[in-house]
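Number of protein chains: 2
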Amino acid sequence: MSAALIAALKTRFDARVSTAAAVREQHGRGEAYHPTKAPDVVVFATSTQEVSEIVRMCAAEGAPIVAFGAGTSLEGHVCALQGGVCIDLSRMNEIVELNVEDLDVTVQAGVTRKQLNAYLRDQGLFFPVDPGADATIGGMAATRASGTNAVRYGTMRENVLSLTVVLADGRIIRTRSRARKSSAGYDLTALFVGAEGTLGIITEVTLRLQGIPENMTSAVCPYPSVEAAIEAVIETIQTGIPVARIEIMDAVTVAAVNAYSKLNLEARPTLFYEFHGSAAGAAEQAQRAQEIAAGHGGEDFRWASDPAERARLWEARHNIHYATLAMRPGAKSWGTDVCVPISKLAEMLRESRKDNEGASFPVTLVGHVGDGNFHHGYIIDPDNAAEMAEAERLNKRLVERAIALGGTCTGEHGVGYGKIKFMRAEHGEAIEVMKTIKRALDPQGLMNPGKVLPD
Amino acid sequence: MSAALIAALKTRFDARVSTAAAVREQHGRGEAYHPTKAPDVVVFATSTQEVSEIVRMCAAEGAPIVAFGAGTSLEGHVCALQGGVCIDLSRMNEIVELNVEDLDVTVQAGVTRKQLNAYLRDQGLFFPVDPGADATIGGMAATRASGTNAVRYGTMRENVLSLTVVLADGRIIRTRSRARKSSAGYDLTALFVGAEGTLGIITEVTLRLQGIPENMTSAVCPYPSVEAAIEAVIETIQTGIPVARIEIMDAVTVAAVNAYSKLNLEARPTLFYEFHGSAAGAAEQAQRAQEIAAGHGGEDFRWASDPAERARLWEARHNIHYATLAMRPGAKSWGTDVCVPISKLAEMLRESRKDNEGASFPVTLVGHVGDGNFHHGYIIDPDNAAEMAEAERLNKRLVERAIALGGTCTGEHGVGYGKIKFMRAEHGEAIEVMKTIKRALDPQGLMNPGKVLPD
Numbered sequence: 016m017s018a019a020l021i022a023a024l025k026t027r028f029d030a031r032v033s034t035a036a037a038v039r040e041q042h043g044r045g046e047a048y049h050p051t052k053a054p055d056v057v058v059f060a061t062s063t064q065e066v067s068e069i070v071r072m073c074a075a076e077g078a079p080i081v082a083f084g085a086g087t088s089l090e091g092h093v094c095a096l097q098g099g100v101c102i103d104l105s106r107m108n109e110i111v112e113l114n115v116e117d118l119d120v121t122v123q124a125g126v127t128r129k130q131l132n133a134y135l136r137d138q139g140l141f142f143p144v145d146p147g148a149d150a151t152i153g154g155m156a157a158t159r160a161s162g163t164n165a166v167r168y169g170t171m172r173e174n175v176l177s178l179t180v181v182l183a184d185g186r187i188i189r190t191r192s193r194a195r196k197s198s199a200g201y202d203l204t205a206l207f208v209g210a211e212g213t214l215g216i217i218t219e220v221t222l223r224l225q226g227i228p229e230n231m232t233s234a235v236c237p238y239p240s241v242e243a244a245i246e247a248v249i250e251t252i253q254t255g256i257p258v259a260r261i262e263i264m265d266a267v268t269v270a271a272v273n274a275y276s277k278l279n280l281e282a283r284p285t286l287f288y289e290f291h292g293s294a295a296g297a298a299e300q301a302q303r304a305q306e307i308a309a310g311h312g313g314e315d316f317r318w319a320s321d322p323a324e325r326a327r328l329w330e331a332r333h334n335i336h337y338a339t340l341a342m343r344p345g346a347k348s349w350g351t352d353v354c355v356p357i358s359k360l361a362e363m364l365r366e367s368r369k370d371n372e373g374a375s376f377p378v379t380l381v382g383h384v385g386d387g388n389f390h391h392g393y394i395i396d397p398d399n400a401a402e403m404a405e406a407e408r409l410n411k412r413l414v415e416r417a418i419a420l421g422g423t424c425t426g427e428h429g430v431g432y433g434k435i436k437f438m439r440a441e442h443g444e445a446i447e448v449m450k451t452i453k454r455a456l457d458p459q460g461l462m463n464p465g466k467v468l469p470d
Numbered sequence: 016m017s018a019a020l021i022a023a024l025k026t027r028f029d030a031r032v033s034t035a036a037a038v039r040e041q042h043g044r045g046e047a048y049h050p051t052k053a054p055d056v057v058v059f060a061t062s063t064q065e066v067s068e069i070v071r072m073c074a075a076e077g078a079p080i081v082a083f084g085a086g087t088s089l090e091g092h093v094c095a096l097q098g099g100v101c102i103d104l105s106r107m108n109e110i111v112e113l114n115v116e117d118l119d120v121t122v123q124a125g126v127t128r129k130q131l132n133a134y135l136r137d138q139g140l141f142f143p144v145d146p147g148a149d150a151t152i153g154g155m156a157a158t159r160a161s162g163t164n165a166v167r168y169g170t171m172r173e174n175v176l177s178l179t180v181v182l183a184d185g186r187i188i189r190t191r192s193r194a195r196k197s198s199a200g201y202d203l204t205a206l207f208v209g210a211e212g213t214l215g216i217i218t219e220v221t222l223r224l225q226g227i228p229e230n231m232t233s234a235v236c237p238y239p240s241v242e243a244a245i246e247a248v249i250e251t252i253q254t255g256i257p258v259a260r261i262e263i264m265d266a267v268t269v270a271a272v273n274a275y276s277k278l279n280l281e282a283r284p285t286l287f288y289e290f291h292g293s294a295a296g297a298a299e300q301a302q303r304a305q306e307i308a309a310g311h312g313g314e315d316f317r318w319a320s321d322p323a324e325r326a327r328l329w330e331a332r333h334n335i336h337y338a339t340l341a342m343r344p345g346a347k348s349w350g351t352d353v354c355v356p357i358s359k360l361a362e363m364l365r366e367s368r369k370d371n372e373g374a375s376f377p378v379t380l381v382g383h384v385g386d387g388n389f390h391h392g393y394i395i396d397p398d399n400a401a402e403m404a405e406a407e408r409l410n411k412r413l414v415e416r417a418i419a420l421g422g423t424c425t426g427e428h429g430v431g432y433g434k435i436k437f438m439r440a441e442h443g444e445a446i447e448v449m450k451t452i453k454r455a456l457d458p459q460g461l462m463n464p465g466k467v468l469p470d
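The listed protein sequences correspond, in order, to chains A and B.
When we follow this note's numbering, the leftmost residue of the first sequence carries the number 16, and every step to the right adds one.
When we follow this note's numbering, the leftmost residue of the second sequence carries the number 16, and every step to the right adds one.
Just chain A, same shape as in the assembly (with noise of 0.2 angstroms):
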């Protein structure tokens, strides 16, 4: 890109523009495997005015544009293909307007999930979508996150009511009203989610929120096999069961939280469940979900509503990324993240884990099964080039299964450039439906090129 406008951006911006090689190598950079492009210029912005003001000069001279969060991106994301410049948002941390009564809350694109959730505990709010990462809003709606609680409460999807986006021309659009329902027009709000900054760049968002509950009980159960734990899944959200969270773990898994956060579970394989509601209530939603797991060999089914135990459980869950990086110290994880219907989980599980047999590296399971979803993480040596082939070829056939079970290749990850390839065998026809829209609202093809759609 042009040094004419990396002047007039430092012109503009001052010192809240940078092209120091540690920030732009930090900015080109997510959380897995893929290789990092840096960004020619970082700017950070504190304002939606401003990264208006930043795109148009980006527009005028045809550079590329990349919005930056966290960082905690799992498919390359941010990872600036062309160069160009990335509009880094986490300085746009305010959280802009509560409103208790009406359950929702907006918030600059740059405020984190666990910071918002500090901000709501005083009011016996919480937000429930829950990425592993502590990762931005603004990130988490742009890539169609979820989590743990998406089971109960929904993904991103779900849970954004409008949005401040920044078009591909610095235009400023509001997506939609707060009302909690409208038939007025079309979803801009859902087209903007999930479409990761290649659509224009979203500054601020509305949430919906939910109320604490008045009582939160876990449950752990080990189970005689994957297969038998996947039929109690079925059964508990079939029955109608409204459990907050039902996430499954392999035995290599179980053993690897057990060394990593100091518990003493069975190394077999294992439920963790949530369930929310009044104490009656949750205490019999419970009882249930007991019932069911022993009919499928979950005999040992513990549950505790004590809140340091549950936090302890969860917190190990959540830590499962390093707890498995743990098992071979040096390594990376490239987690797997497709998604399929349920009655299609065992079927699934099984054909993965028989490739997986032979991995010449450690393989481990945890999943949001409730949903269908699930990450396999490969434990490899990113230098080693045979390891990462054999888990480029183990991941192609996970989601060729995945897709030809009527899944998906993400269910919660996002595509950036590492899911591209599979584009086209998941959306058939309507990839160009997608294009379409691409280009009429990119016409110069300058945000985040590279990104979700196949050429």
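Hints listed in this document are in silico derivations from the structure and should not be mistaken for laboratory results.
Please note that a few of the clues may not be correct.
Covered by chain B, according to a simulated footprint, are these stretches of chain A (three or more residues, beta-carbon under 8 angstroms) [said to hold, decoys possible]: (1) 195-203; (2) 206-213; (3) 223-229.
All C-beta atoms in this analysis are idealised placements derived from N, C-alpha and C, irrespective of residue type, glycine included.
Could you slot chain B onto chain A? The hints should help.
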């Protein structure tokens, strides 16, 4: 449109093509007060493939295309403003695939909601979205419909998993897989839901289903004023009671319901409730709602889980349209449809009821108040120009106030051509984004022209 196209359609589709005046007339008409404009020809399609063929023939000739389901829309959606071809989808009424374990079903667009629920009952499942009319699932998706259950189960936005859509050039796409969650690309499902046939024609719909709750308990409670009832609603929602339904009626409307449905409700502002759960869970919810009611002057909170009594109550609720028409024989009802954040609901209703006080016709009030959505019914003589002008004026005032309070001109009825005049005020610059998308996906402007978007 050209006689050649009509002839070609007759050659291809034979007796399933009609140019009879009565058939055409019926296909240009919804259930509201809007002037009717008949299409030039009606074709009864029986498959997605046929819809694609018809669309290709129309595209080649530049003929406008309007999709038609049950004809129950309320904002002139099916009115053939520019003539052209009406594609009647009502014969596409097959249940394509039920997946009990996955709690989803795929249906052709012409299946109605009552037909679907009759089909699902034996499986212990139901589809919760319930507009008053027995609309088609395709029409409900196209207008982003909702109803009394939305406060708990969401609208069509949340309950449509995937669509088959015929595009403006006849191509057929599937918008998404059947997976519960996906972050794989743009949310085309949400784009076509609520687009009212202006971007493409929905021919198949995959829906999320719910298990029929173990227990459903209803309640009725009269309040000293509309304001007191609204305060009770806000507290009920905020406390996190997962009400399945919470509906308001004012005293005038209760009187009309008593007369029409032979009930003996007190003619006061009244809330209808419904609670879903286990027997103990539903009772606990009702108990807590009752306590809240008492705190707002709702002392006479009566609840029942007897199925016959419950059915009688909700049948009366669903027949409100006819009950209010019976207040003034020969009249029509102009149903308003604003939706505001619930913190603004009391103010909104206070002001609008002040406006309505001097009206020269009866005005009713019913509402899905848990979502902030309510309907005034102006019970008018549509042949009386002065009454029409007065209704127009009252509705305009109502909508402008709702938008000023952060709400929307339509919570669930859609835009059609009745609400286009409010779209710029509600959306500002975002309207231009909608128009850009419309031009990109329907460059000839043939799909349901004159609907949703202002010129």
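Quiz item: Counting residues of the region 206-213 of chain A that have a beta-carbon nearer than 8 angstroms to any beta-carbon of chain B, does the count reach 3?
Solution: As far as the region 206-213 of chain A goes, the hint holds, because 4 residues have Cβ atoms under 8 angstroms from chain B.
Exercise. Check whether three or more residues of the region 195-203 of chain A sit with their beta carbon closer than 8 angstroms to a beta carbon of chain B.
Key: holds (count 9)
Quiz item: Okay, the region 223-229 of chain A and chain B, do three or more residues pass the C-beta test at under 8 angstroms?
Solution: holds (count 4)
Hint compliance for this structure: no hint is broken.
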